[in-house]
Structure formats: C-alpha cells, structure tokens
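> Below, each chain spelled out in residue letters.
Number of protein chains: 2
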Amino acid sequence: MKIYDAIVIGAGYAGLTATRELLKAEKDVLLLEARDRVGGRVYTKYYDDGSYLDLGAAWVGPTQDKIYALAKEFGIQTFPTYDEGKSTLLFNGKVKRYKGLIPPLPIGSLLSLDFAIKRMNKLSKTIDLEKPWESLNAEYYDSMTLATWMDKQMSFKTAKIMFKLAAEAIWAADPNEVSMLHALFYTKSGRDLDTLMNVKNGAQEERILGGASQPALRLAETFKDKIRLNSVVRSISQENDIVTIKGDGFEFLAKKVVVALPPTLAGRINYFPLMPANREQLTQRMPMGTVWKTYAIYDKPFWREAGLNGLSATNEGYTTVTFDNSPKDGSKGIMMGFVLGNQAKAFSNLSEEERKTSILDSFAKFYGEKARNPITYIDHSWAAEEFTRGCYAGLMPTGAWTSLGKALREPVGNIHWAGTETSDVWNGYIDGAIRSGERVAKEILS
Amino acid sequence: MKIYDAIVIGAGYAGLTATRELLKAEKDVLLLEARDRVGGRVYTKYYDDGSYLDLGAAWVGPTQDKIYALAKEFGIQTFPTYDEGKSTLLFNGKVKRYKGLIPPLPIGSLLSLDFAIKRMNKLSKTIDLEKPWESLNAEYYDSMTLATWMDKQMSFKTAKIMFKLAAEAIWAADPNEVSMLHALFYTKSGRDLDTLMNVKNGAQEERILGGASQPALRLAETFKDKIRLNSVVRSISQENDIVTIKGDGFEFLAKKVVVALPPTLAGRINYFPLMPANREQLTQRMPMGTVWKTYAIYDKPFWREAGLNGLSATNEGYTTVTFDNSPKDGSKGIMMGFVLGNQAKAFSNLSEEERKTSILDSFAKFYGEKARNPITYIDHSWAAEEFTRGCYAGLMPTGAWTSLGKALREPVGNIHWAGTETSDVWNGYIDGAIRSGERVAKEILS
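Chains P and F are the protein sequences, given in the same order. First residue of the first sequence? That's 1 in this note's numbering, and the numbers climb one at a time after it. First residue of the second sequence? That's 1 in this note's numbering, and the numbers climb one at a time after it.
Hints are computed from structural coordinates only; laboratory data are not their basis. Watch out, some of these pointers could steer you wrong.
Any copy will do: because identical chains look the same in the list, a pair fits if it lies in one copy or spans two.
To be verified - In silico lysine-lysine, DSS-like type, Cα no more than 25 Å apart, as pairs: (1) Lys356 x Lys406; (2) Lys125 x Lys160; (3) Lys356 x Lys125; (4) Lys152 x Lys164; (5) Lys164 x Lys406; (6) Lys157 x Lys442; (7) Lys99 x Lys118.
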C-alpha cells in the first residue's frame, strides 16, 4: 500500500493551504474532505440566476493579508460592504437613525461603553498571542467570563446591553460562555475591538466578488486530483512512524497527518493510541459558537432609497444585527440578519415558518413594511451541520487556555493540528485558517 | 432481524439499573457495553492475594438510599471510612494536626470560610433541581464561575485556598471551570457542601465491602445473558420508529434506546438523523472533570499508630487530599491521594517514576518517612480511559445550564438519556446514576 508523505484532513481554508504548501515542497499529499465540497465553514451557495449567498464566513478587512493575497493571486476582486447612509438602532422599542459609529444613546452610557472598549483594547495588548497562558494575569482573566468582566466594568445597563450585542456578533456566543482571557486573546488576534466590530477599517469592510468560497474553489482547482471528497475520517492510528487513516470504505497510509478541523470535531476521531489526556480534555472544552444566518431577498435594496445603510442593531427579537448583503451592482436587495448566541439556540426550537415570520418582523421594524414581502427567505444553522457543528469557531470557556492551552497546537507523534482555532493572528477568521495552514506545513517540513 | 423492546448503551450503574427495571416490566432488553467489564466509572481492581482497590468511585453516605438499597439487596455490607485520630494540614510549608472538622487556621480565615460555606448552602436551597435554569437568579449565577463567586465572597486568601481545595475535591475541577449555577445545583443535589465534603455524615462516610463494583457485578449477574461486552456503539439511526444501533462488527434493532453514557461520550456517537442543534451543542459543553487516584500500599496503616486518621489536605504538591483506604480489618495500610483539577492535568505530563516520587514525597510530609517505602505504588487517570475520558463527571461550564439545560434529559425520538449527569439527586455520584436508570425506565414504560 502506498505511503503518502502527508495526508490532510479537512478541506477548509486551513487544509487547502496546508496541502498547497506541502505540494510546493514536492511532497506527495492527499487531502480528505468529509463533505462533497471544499471550503468548510466558508460556503457560498450559487443559484441558477447567477446570484449567490455566503451562508458562512463572508467578510474580509484590513490586516487580513493572507486572504487578500490569495484572492489577488487568482484575480478575485473584493468590494466594499455597503455603508452609505444612516444606521438603525431599535432600542427599548424605539427606532433611531444615526450617522457614523456612535449610537444615539444617553451620554453616560456612551461614555461607559467607550471606556469599556478602550479598557479591553488596552488589556488585550498584554496578551502573548502564541502562549496566552503566559500572559500577565492570565489566570485571573481565565477565571472569569467576559460577562463577569462586563458587569464589573460598566455600571450603566444600556452600556452593558450594547457591549453584549457587539460581543455576541464577534463571538457568536453569549458573553457568559467565553473566558475573559480568550476574549482578550481574540481581540488582540484581530487587532482590537474596533476592528472586529466595524465595517469601515474593520473586519466587515469588504466582501469577495463571487462569494467567499471563490478563493477556496480556485485554489482547490489547482490540485483537484489530490482531493478526495465525501471521505469522512473515523480513525487515525499511529504505529512505527506510519499513520493509518480509516473512514467509511477507505484506508490510507501516511508519514504525517494534518488534522485541519475545529477541535471539537478533531476530538471525535478515534485515535490509536489514544490522545494524551490533556489533548483529549482540551477538545472536550472547545465548544463551537452558535449562529444562524438569515437572508431576505428583495427585487431591490429599498432601504438605500430611504437613506439607510442596512446596518441595524437591536436588543429585541432574534436577529440583533443586520447587514446589507446585496450584490455589488445593487441589482437585488439582500438583507442579512445574524441570530447569535443564546438567541440562536432558542431560534433552533422554532419551525421554519416561525423563523421566517420573526426575522421579517424584525426587518420590518428596521426598514419598514416592504421588508415583510421578500422574494425569498433563507436561513442556515451551522450547529446543524454535521461536519461543522457550530460557528463561527471553537471558543475557550474559562480555565481552558491556562490549564490545557499548550495542547492546542502541540503535535502528537506524527499528527499535526491546523484550523483557524490554532492561529495566533485572526483566530476564528478565514485569514487565521490560512495562516494555520502555512504554519502547519512549515512544522512538517522543518 | 429481531427487534428488541429496548437497547441500553453503557453498563455503568445507570445502564444496569435501566436494564433491570425494563426487564422487570418484561421487556426484551439488550445491554451493550464498550468495555470488557460492567461498572463504568466504578471499577474495583482485584488482586491475586484477595485485596482490592477502588480505582473509580468508592464511597457512599447518608441519603444515598438507592446504592444502599442495592447493596443490601445482595447482602453486600458497607463499613465506615477510617476516621479515628487527628487530621493533617500541610499549609504554607507547615504540618499541623487537628481533631474534628475545623482546620487550625487564623480565626479571620476560618470565619470567612465558614461564612462562605453557609452562604453557598443557603443559596443552593433556591435551586430548582429539575430545572436549574428556572431557579431564582439562574442567569446571574450561570454567568459567573465558582472562582469568581469565591473571589467576591472571601477576602481572606487562606479562606479562598481552603475553599478551593474543597471545591477541587468535590468537582475534580478547578473552580474556574465550573459555573456557579452548576456548583449550587450540585451542592443541593447532594444535600449541602458539608455533606459533600465530610466523612462523618457525609458522602465519604462509608465504603462498600469487597469494593464499589460489587453491587454492579452482582446485579449484572442476575441478567448476564442480556449483556454484550466489548461492544462499542458507533452509530444510532432512527427511521420509522425503529432504531438501528451499529458498532464494530454488530448491528441491532430496537424500539427504544437508552444512552447511559456521560454526555461527552454520548455526543461522539454518530446519529442519523443528526441530533437537534441544542442537544449537539450541549454535549460539546459538558467536559469531564480531571482526576488521578494514587495509591500506596504498606504492610500496615502505620499512621494510625501515630494517632492519625489518614485525612490530609495541603496547598502544595500534586496530591492535595488523602484518605485512609485500608481494608476494613486493617490488615494492610492503603493510603489514597487524590490529584485533582489543574494538578491532575499537570500530573498527566509526568513520567510514572516522577508521579510516584511526587506522591510518596507528599505522603512522607503528611505521615513521616515510612511513607516513602510502600510495597506497591499504583495510580490511575480517568482522562486516559477511552470509554470515560475524565472523572468524576461531566460538568457544566458557565452558560450551559441556562441556554441548553433542557436538552440534557429530553428524549430525541426514541432515544432516551441516562447517566449520573442527568440525575437531579446525587448528580455525579453512584446514587445519582441509579436514580437516572430508574427515571429513564419509567420514561420508556409510561
């Protein structure tokens, strides 16, 4: 039986990048993917009329150099997220419109909110991105949730609610699910909170023309004979420096293996010998966030005519944040509403009809009655995807970084770990996934 | 192919009890067990010379009526944990001996500690054991870790250290890994903190003669033709009210299935159709605690002659709590040291020789130089057990109870859930496991 130099498991951006880098070094590589497509948590759905929707990760922004470089390499363009006109705030039952970044809230709350954001940015600067557990006061911040920190930091209720909305949008989790140390790590990993939150100069600044899957699809095209789709890996055995990888109806041998999956999925593979206890316990402690993306498609972006940019935030209903996701040429109106964290969990208990009604009701509150009658309504739950089981990413609850963080990237025999969760820069993003693929390839080649 | 009335997965106390109850109702039942033995996290290792060690759960105590009843049914006796003489406290480098429950610490710290324990007991009374998420201030307590609450509650550092030692011994986890709501739930579930901590009138009051596996072994004996060992279940499919259970080399059909596994193990089975998103996300959020049990066996319990009861607590070294685990007749001296929470994680990185040296060094500090020369040293890590992956139990981190708690016991089609983690009384204990088995059988029969 043939022995590959390396087998990569998972054809998201991490696995695709690892494969490419190993192929560049003239290694004999096989890339196994459970789904019938590449891209992982990045999934552009294409429709017969030429339109498309990004059901997974969608935006790119400044300092995400790796995804920009990849897009550029294939001549794929990016374009600005629509951001002209006023934003909408539906707060305590009242709709308010405003320009710029500062929502129309009482000055005390605004100052409190601003102070908390600045404080968090400042604290995040002390984080050691490569070894968060060695950061100043690591144990202190890993012993409290982000929610606890927010409670301590802000006395104004409105400030807390607004901070929570932002946190939910950044982590697709309730602040009570996230370790403060992880929140600080993640903040620095993506530069700062402002960058993570914003459209302009932020992580939502641009979109990829043709959809966020394009660079993945084009990259995969360059080595498509190395990719085996529909191949769910069930077990990985290490013996005598040879790794055996088995799945439903296949078996392959390799010298090195890259597992480019979210930690919770990596933890479900059966390993022989078993993973070291600390690696095993870590993968039990990195749950995926919870998010639904909901889309309403209209014949045009009618809110633009009303001087609205399609950005909304609210503390009522299931969808708490919306974005204008219309195509670049504005030939259709596409409104996207995020359902995040605990709202996403509750949303999962609704019927499709209830979900649709609730979302369109929210959109109508933000943008008027026209919003109730889209051509199509579509929603997508990543927690219900067998080969992802939640989005955006695996999150560290309290205690995990400081007691088990070392096991996140440390190879186990000939098994190496990739995936955006292993990245020190842009952790949780496409850019981080690509970086992790480059890092793991270097690890193997060195 | 035969269709069983019910198939039970996991032959720990929960699965054994469920099987027995269903058999009593004249159902056709099959019990599948991954290991080559029954008992699960309860595992008495028997030696050729007639001696034995409880490598898993070991003690029983007041109000654990179910395990007492089961033992009694088979004429299995219990006997008191050795508790005569003085306890030992090694604190900040100094050994102190004391009688009774109150350690020799500065009065300010003692009062602070006592106040915190009373406060926690009082708070725990407000918990709705069946629906913790509906308790008073559930969200408030589920948003903070036990560590955060301890920090708020106690200003004396020594009080905090002592409370932490107790918490680690109760949950086999660092206080920063446990939701305060879960800590309150668990406290009430086992009556109160005093009961959870203590030997006399507490959860460590007695041991089972012949080992804690005895009732399981005897119970299994009564329906041994219904048990299939060495049967690792890989997938459960539901279609047309028939459930298909597949494993390595076997396939069975049933009308009902009981999954009597810790949630993190239940989450690894492949379900068709997939689990509902909230069940899936819950099992990602219930990591197992971390514990090593270490044993040193001597020709006699020499510490007893020095007037010591074998109970020690310390804030230095890996083992922080010890118990006299000698046989009832005192014919040997068996000292047991727990390595818990973060100490257990770090302990996993040591070689066997390093582990032995470290434990015997601790024992020598507590009980004198004789402790350095046992006949045998034995240790056991539950995180390294494929079919448990951590002990004592699956724990709720912050946010899980309030956002996903409902999915813990709620049947999914014809799949029902058991295991000590699903019990409202004595959650995490053998007694809770038995209760969960009875509850799930009732659920199926009703």
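> Hint by hint, where does the structure go against what was stated? Just the numbers, ascending.
Violated hints: 3, 6; rest satisfied.
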